[in-house]
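Residue numbers (UniProt numbering), protein chains in the order written: chain A, 1 to 176; chain B, 1 to 176; chain C, 1 to 176; chain D, 1 to 176; chain E, 1 to 176; chain F, 1 to 176.
Because the hints were derived from the structure by calculation, they are not lab data. A couple of the hints might just be wrong.
Claimed, not checked - Listed next, with one range per pair, are the computed distances between beta-carbon atoms:
(1) C/N10 - F/S38: 30 to 40 Å
(2) A/P147 - D/P4: 52 to 62 Å
(3) D/P4 - F/R26: 55 to 65 Å
(4) F/R21 - D/G101: 47 to 57 Å
(5) E/P4 - C/C1: 37 to 47 Å
(6) D/S8 - C/P20: 26 to 36 Å
(7) E/Q169 - A/G16: 38 to 48 Å
Built from N, CA and C at the ideal position, the CB exists for glycine as well.
Below are the chains, spelled out letter by letter.
Number of protein chains: 6
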Amino acid sequence: CKDPRKVSPNDFFYTGLNVPRRTSNRLGVNVTLLTADSIPGLNTMGLSLGRVDLAANGGLNPPHHHPRASEIFYLIKGTLYVGFITANPTHRLFAKILTAGDVFVFPLGLIHFQWNIGSRQAVGFAILNSQNPGVVTTANTLFGAVPAVLSDVLAKAFQLDVATVEYLQQLPWQNP
Amino acid sequence: CKDPRKVSPNDFFYTGLNVPRRTSNRLGVNVTLLTADSIPGLNTMGLSLGRVDLAANGGLNPPHHHPRASEIFYLIKGTLYVGFITANPTHRLFAKILTAGDVFVFPLGLIHFQWNIGSRQAVGFAILNSQNPGVVTTANTLFGAVPAVLSDVLAKAFQLDVATVEYLQQLPWQNP
Amino acid sequence: CKDPRKVSPNDFFYTGLNVPRRTSNRLGVNVTLLTADSIPGLNTMGLSLGRVDLAANGGLNPPHHHPRASEIFYLIKGTLYVGFITANPTHRLFAKILTAGDVFVFPLGLIHFQWNIGSRQAVGFAILNSQNPGVVTTANTLFGAVPAVLSDVLAKAFQLDVATVEYLQQLPWQNP
Amino acid sequence: CKDPRKVSPNDFFYTGLNVPRRTSNRLGVNVTLLTADSIPGLNTMGLSLGRVDLAANGGLNPPHHHPRASEIFYLIKGTLYVGFITANPTHRLFAKILTAGDVFVFPLGLIHFQWNIGSRQAVGFAILNSQNPGVVTTANTLFGAVPAVLSDVLAKAFQLDVATVEYLQQLPWQNP
Amino acid sequence: CKDPRKVSPNDFFYTGLNVPRRTSNRLGVNVTLLTADSIPGLNTMGLSLGRVDLAANGGLNPPHHHPRASEIFYLIKGTLYVGFITANPTHRLFAKILTAGDVFVFPLGLIHFQWNIGSRQAVGFAILNSQNPGVVTTANTLFGAVPAVLSDVLAKAFQLDVATVEYLQQLPWQNP
Amino acid sequence: CKDPRKVSPNDFFYTGLNVPRRTSNRLGVNVTLLTADSIPGLNTMGLSLGRVDLAANGGLNPPHHHPRASEIFYLIKGTLYVGFITANPTHRLFAKILTAGDVFVFPLGLIHFQWNIGSRQAVGFAILNSQNPGVVTTANTLFGAVPAVLSDVLAKAFQLDVATVEYLQQLPWQNP
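Could you build all of it, start to finish, from the sequences and the hints given here?
Laid out in structure tokens, this is it:
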């Protein structure tokens, strides 16, 4: 904790969240997450905010979940196909096509994604009720773990052959 | 609670948050707050989201606090003078001029405001970590209470004469 | 945290809460609040206790709220007019005249007050469910902020002219 | 939950907590506990308040704990020997003689007691951070359980012979 | 909630958790999870308990997470390779070979797995701090969602070709 | 907190919980409790796990409660008579005879016990939703407190004569 006498308005402030982020990467996505690390005044406040840029024609914030937060997603530009999937045993997909001005809720801990199906860059905001929500990008976590998960485990879990798993495991897994 | 089998994607969805709201009222402000009432899927999720439109040249979201939520405010358009004031005994004002893309934090339960000092309509988003945060607009609550608070109480508290208080109490107090 | 081996009964103890406090000030009020600062054993316990002395004939604990606590108020001596006001949009005043032995509840984060309408000093106790509840005295916070809130903001919020606001802003604002 | 439109100030109110309670019973104690059952407005507020009357010369609020609350005890009249005992393995007694105006803290879930060592009736207030804190009076719970706990269990636990346990189990166990 | 007068010891009871479960399925796993649905007395208690049976030579509780719980896993029989993977950006695998009597912790919301590397059936217990923790089996959720997730999304996320994804999506995905 | 870069799988691991504990003591009981002290990875995880060994023919985990946790008890070997007692005013005993494979719930903060009524050593596991639940063994706490509780207090509370209380107070009180 900072000495309260030394706290200033800048400790509650961040600038530049409107600046478009580069999305020229394999997934076509760029996530800027503001937590208590970037805004000290968020300490103990139970909130964080992320900007999500998605490249035109297929930019993807791939399936992921937040171990410690629910999310409201608000789309300000573009057209997205978004969804979350419920837990065992139903695995119901709740999906929707969003256009600018639409809001969608991703419940606590459930896997969700945003996929740019439009022909221009899309931008949305992720609102999270933790100052440290965490992000677990599913594929990256499983296939990009260090050290690697035993390939037999992933092969059996995903119904893939071991060679495919090991091929995946040696690929680079860029995080959004 | 809704029967889980009858829940659909629309229960997690809201549309039209990008539509500018009318701000032609005394304060020059319009707040659209999405809680579990407007998005059933927010139930138990601990989050809500508000859109704040502020008229050019002085639109004001007047001093208020949220009894059950911290807030991150994100300005997407315009120029605002915003601030919050700490509790007794310091009453320190933490204020900042925000332009588009700026973020500011209003800690749990503290009084804060947004004031449009620019020459065009401003729009920001209020991110709150409760599905039912509540809004207590300070002046409206005190001078517009029904039934009215004893004028002697407000006169003494605000160091105003009773006539002024009673004049204020019969005014209309529009909520943002 | 204190070394547990060095903790003694005195860390859970406070004496003298029955001693009448001086109320010879503008508001006619004196609040003694026992938090984890005054009783180390309250650390992590989620409780605090305040004594409120109110001068005869108009002593006022002016409208205020606690950002992090609900309150039970228990009056042991005197006659008070007390109340709280609900959030937007209703602003309902829930008020009551209390005499010795009466109890009243002030819900989490709502603005409330105690006003001595009797001819003798009154004494009550404020029971709060946080070891650090905070007190935001409304008028003091808004008109006594350091640095001052822009007078235009307060004038518009309170429907006062700017001169009145600036007059108020240069007054002393004593906290209870 | 009550329909909000039908809520009135009386739902936040209780009267008569200053009336002395009868303590002419075996223990010489009378506890009046105000929870959400007696004050509907305490619902979801996380607080309750108890009045404890203790007969002169030995009135006892016997060892007990609150399964869901920490406590601040405030003595307004009389002289008490009070204490709590820490958990395994230390079992440290933190005890103190209190006179009017003294405050003592009983941490969450620990066994504590109040014993009137003065020659006049004593009165204190128990402040609890739950709207439904629960009271487990130790001896009454163990020896007055319905149906009875196997006497062998209590005999071994308390290092008493079975006959003594069974004698105790058929006694009346009045709750404070 | 059940009427308290009708609650009986059986509402806090479950029998037969020691009976071996059949593991003759594709994954070689069988999970019995006791929540407030199976033991009404767990309501509001913040706990649940699962039994995990894993077939000899490769029974797998495949990568999954609990959206609302941390876990302690206790192995009573067999030899397992278990692990969890941390969130972005590190994706560190914390893995260990467990034998009977070993305990391992899976932090809140992180993906983890148990893999039987021994030549006999293994049995462990999963201890969870929620009465309704939820289970999201990663592969099943993503590839077995109903309706199916757009194959393009999964192909890009997992760096698989669309044909492979669609092949996977039409497979049966048995939950543990 | 440990530096995250220095954390290893062993910080989430404990071995040997399957090793029978010695129960050759007065109560015939041995409790091994794994908290964040023994498994650093439990820090902030809200869970702990205990092993309870009970000697044949009368081993007793004597009446106790956890100030900060609910419990699920799972019996893996032996035959126990277990129970908990509700708070004032009902003091209902909820008891049950358990055999291997049975599960029983002890609600937050209520006094409970386990008594071996079988002819072989019994072993169970206590699952607790706090990383630091605390154990208050009732008789030990009251009669073994240091310094001693005034014998008059215990005599009156337990309806025992003072000589019996003082005899008990000088006995050794072994904790499970």
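Results of checking the hints against the structure:
In this structure the supplied range 30 to 40 Å holds for C/N10 paired with F/S38, their Cβ-Cβ distance being about 32 Å. For A/P147 and D/P4, the hinted distance range of 52 to 62 Å is satisfied, since their beta carbons lie about 57 Å from each other. For D/P4 and F/R26, the hinted distance range of 55 to 65 Å is satisfied, since their beta carbons lie about 58 Å from each other. Judged by the Cβ atoms, the range 47 to 57 Å given for F/R21 and D/G101 holds: they are separated by roughly 50 Å.
The hinted range of 37 to 47 Å is satisfied by E/P4 and C/C1, whose Cβ atoms lie roughly 39 Å apart. Against the hinted window of 26 to 36 Å, the Cβ-Cβ separation of D/S8 and C/P20 comes to about 34 Å, which satisfies the hint. In this structure the supplied range 38 to 48 Å holds for E/Q169 paired with A/G16, their Cβ-Cβ distance being about 40 Å.
In this structure, none of the earlier numbered hints is contradicted; all agree with it.
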